[in-house]
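Model the full structure from these sequences, guided by the hints.
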Amino acid sequence: MIEGKWYAEGSAASHAARLSVHGNEYKLEVENGTSYEGALRELHVGNRLGNVERKIILADGSLFATRNNDAVDIAFKNQLKTNRLIHTLESKYRWVFIALIVTVLTAFAFFKWGVPWTSKKIAHALPEKTNQVIAANTLDFLDDYMFKKTTVSTDKMEKIRKHFHAKIVPLSTENKEIVYKLHFRSWSDGNLSIPNALALPSGDIILTDKFVELCESQDEMDSVLLHEMGHVVHRHTLEMVIEGTFVSVAVMLIVGDSNGLVDMGVGLGSLLVSSSYSRGHESEADMYAFKHMLTAHIDPVSFSHIMNRMTKYMAGQTSSKKKESKENKEQHKEVKESKGSLLDYLSSHPNTKKRVDIAKQFSECYKKGLRTCDIKMSE
Amino acid sequence: MKALNFEGRGSEYFKIWIVNVLLVIITVGLYYPWAKVRNHRYFYGNTTLEGRNFEYHATGKQLFLGFLVAMILFIVYMVIQKISPEGSLLILLILFIAIPWLIWRSLKFSMRMTSFSNVRFGFNGTLKASYINFFLLPMLFFLAIYAVPIGAAVLVPKLSAETDIPSWASIVIPIAALFITMMAFYMYALIKKRNASYVVNGSRYGQGIFETKLETKKFMGILFKTILLSSVIFGILFLLIGAVVYGTVGVEGIMEIKNSMEDPEAVRKNIGPLMPLIISVYGGMILGGMFILSYAITRQRTYIYENTTLDEKITFASTLKAKSLAWVMITNFILVILTLGLAFPWAKVRLARLMVENTLVDTESGFYDYVTQKQNEESSLGEQIGDAFDVDVGLGF
Numbered sequence: 001m002i003e004g005k006w007y008a009e010g011s012a013a014s015h016a017a018r019l020s021v022h023g024n025e026y027k028l029e030v031e032n033g034t035s036y037e038g039a040l041r042e043l044h045v046g047n048r049l050g051n052v053e054r055k056i057i058l059a060d061g062s063l064f065a066t067r068n069n070d071a072v073d074i075a076f077k078n079q080l081k082t083n084r085l086i087h088t089l090e091s092k093y094r095w096v097f098i099a100l101i102v103t104v105l106t107a108f109a110f111f112k113w114g115v116p117w118t119s120k121k122i123a124h125a126l127p128e129k130t131n132q133v134i135a136a137n138t139l140d141f142l143d144d145y146m147f148k149k150t151t152v153s154t155d156k157m158e159k160i161r162k163h164f165h166a167k168i169v170p171l172s173t174e175n176k177e178i179v180y181k182l183h184f185r186s187w188s189d190g191n192l193s194i195p196n197a198l199a200l201p202s203g204d205i206i207l208t209d210k211f212v213e214l215c216e217s218q219d220e221m222d223s224v225l226l227h228e229m230g231h232v233v234h235r236h237t238l239e240m241v242i243e244g245t246f247v248s249v250a251v252m253l254i255v256g257d258s259n260g261l262v263d264m265g266v267g268l269g270s271l272l273v274s275s276s277y278s279r280g281h282e283s284e285a286d287m288y289a290f291k292h293m294l295t296a297h298i299d300p301v302s303f304s305h306i307m308n309r310m311t312k313y314m315a316g317q318t319s320s321k322k323k324e325s326k327e328n329k330e331q332h333k334e335v336k337e338s339k340g341s342l343l344d345y346l347s348s349h350p351n352t353k354k355r356v357d358i359a360k361q362f363s364e365c366y367k368k369g370l371r372t373c374d375i376k377m378s379e
Numbered sequence: 001m002k003a004l005n006f007e008g009r010g011s012e013y014f015k016i017w018i019v020n021v022l023l024v025i026i027t028v029g030l031y032y033p034w035a036k037v038r039n040h041r042y043f044y045g046n047t048t049l050e051g052r053n054f055e056y057h058a059t060g061k062q063l064f065l066g067f068l069v070a071m072i073l074f075i076v077y078m079v080i081q082k083i084s085p086e087g088s089l090l091i092l093l094i095l096f097i098a099i100p101w102l103i104w105r106s107l108k109f110s111m112r113m114t115s116f117s118n119v120r121f122g123f124n125g126t127l128k129a130s131y132i133n134f135f136l137l138p139m140l141f142f143l144a145i146y147a148v149p150i151g152a153a154v155l156v157p158k159l160s161a162e163t164d165i166p167s168w169a170s171i172v173i174p175i176a177a178l179f180i181t182m183m184a185f186y187m188y189a190l191i192k193k194r195n196a197s198y199v200v201n202g203s204r205y206g207q208g209i210f211e212t213k214l215e216t217k218k219f220m221g222i223l224f225k226t227i228l229l230s231s232v233i234f235g236i237l238f239l240l241i242g243a244v245v246y247g248t249v250g251v252e253g254i255m256e257i258k259n260s261m262e263d264p265e266a267v268r269k270n271i272g273p274l275m276p277l278i279i280s281v282y283g284g285m286i287l288g289g290m291f292i293l294s295y296a297i298t299r300q301r302t303y304i305y306e307n308t309t310l311d312e313k314i315t316f317a318s319t320l321k322a323k324s325l326a327w328v329m330i331t332n333f334i335l336v337i338l339t340l341g342l343a344f345p346w347a348k349v350r351l352a353r354l355m356v357e358n359t360l361v362d363t364e365s366g367f368y369d370y371v372t373q374k375q376n377e378e379s380s381l382g383e384q385i386g387d388a389f390d391v392d393v394g395l396g397f
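Chains as they are written, first to last, in my numbering: chain A, 1 to 379; chain B, 1 to 397.
Beta-carbon label-pair distances, calculated as ranges:
#1 I94(B) - L142(A): 18 to 28 Å
#2 I97(B) - N196(A): 35 to 45 Å
#3 I94(B) - G114(A): 30 to 40 Å
Simulated coverage check for chain B against chain A, where a stretch passes if three residues somewhere in it have a Cβ under 8 Å from a Cβ of chain A:
#4 26-37
#5 52-65
#6 77-83
#7 113-122
#8 364-371
None of these hints come from the bench; they were simulated from the model.
Heads up, the beta-carbon is just placed ideally off N, CA and C, and yes, glycines get one too.
Structure representation (structure tokens):
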């Protein structure tokens, strides 16, 4: 006997009712005198969800509602096969525990390996044209909002370009479709001119004036150019776009209808994840540069020289604005080992110290006259 | 007056939630519509009044097509946003224009899919009214708030360039600025009022008609009090932070950090010891912000509920207090952060319980006469797109 309430179709008025089930037959008696009888399969039973009141719809559209979920499950066991699976998962702590572990592990593996791997596959499956499309207006945009005209002399630019196309571009044998092009721009923030090199997916590489100025040797410049070519060859911009899309969609699906507060935590999480991808890309571009430097007989230590000089320049520039003090003298020394601080995880570039260390390891190989070098990258 | 009951439990919902998440993951997202239905059903079904409960009737199958379209649009949006600044502006513009339609479709679909005591809700608001309330008026509002700084930026240098400033200008300009600011306040309150009226007055319960008579000046009062409260809270917060910073780091320390912003290594070095301070500043801002938000939400909720009737005989009230809402929101936030998201189900249940159990309904005349009205089938497309892009009526109840 299952106690409950009966509602006429579409009516809010409820009447006490009781349902009894014998084998495949049912009988429903409503307190107002109405009664129903018939085969069990004429009734439509809703799926169980926790202990929410169960709704059973009769053939005439009227409704029997009861809180006695367990009795309904037993009486209608033949009709509720698919729902039983989900309800079993939801009601046994053992399954919930397994679901929890599987969810956490899958989520971790998904973000750690799944997203980068899939993005790489997709990025490389797309035609070269895609890179042209996504880079189409980028340089114009940067020219409008960030860069100014270069002050590097035409002679010097010609010299750099000539060397680049004669010696460096031929090293890149992976993708002959890429057309590399060097651009020179001045980039400053306030009074501080910024040394940097950027690669657009189209193969356009932009060198800032300060960067050109800071390079003390051809090898140093080549090392950075190879690093940028590494970004282009590995299609890192495209990968970032795909990775970002994956993360946003995954987050939307899992968190779903959240409120603003949860979104903040999720935002921080996404930032951590995407910085981690970005660091992976930088390391990959470094490796690309080092390998090709070995082939071209360039000492990989050049990369660490220019990296150190750029870091020192930035530290020196920013600290010269303030009074000379003890701390900033320390900053003028070699780049110090920075402690594994929380900020490392937010940074889009690997720790300079780590990159320099790897450059030095490659340099060891170079000095031994090796053409390849087996070095484990660690995050 | 009887309070609604919430019978859901955090531990029970946790199990449902984790199974949902698992199934969404292993089906690469395709299970999402069914997961959404189960979530909704859990919260609706556990909301009861005198033993009668709410029910969510949409099925996963019904949501699926709309979900696929919404997903594709969302992916296109994400990709364009990352590769083209012009493209993402265009999409934002399209979204801005589409919002009233999305809200209208969402309301129609969600109301149609909700029942209480076997009788369906409905929504009768028009698309035209949605465009006035969610597009035209907000646009005028933005124009009004931008008119002040832009007007000042244009007029002030122009006037100071002239040798003899007309004497009337020094009187007229501040008055005009004040007038425009007051207009902006008025517009904001008007929009809140009209949005709430649009949703409530458009709602149906069976043949029953919800009705609310709201006044703009009440919303202005709430707005002024909220602004006053924010200035007090943030004022105290900044004084406190100022005192702590002055006492520990000093002005020179701050300048040093400011100057070394461009260099990541130096930032790392200087900011390291300041981390606890920075975290507490952010923490204070978040807590303060949450309290202010709770205040605004509860005041509006109380006002709207008190002035709402169903068929002029069933009345409503809200006993939600800013303090308790802020408390639940803040502790939820901390709970979810500390458990890396695993406490999300408990957080959701706690918030739902607070909201539901502070909703009062006068049940004396009863619900016996209400009967479901014939309604057209609604497509879930608008609702799903709105869901994907987080489009919200923004009333907080």
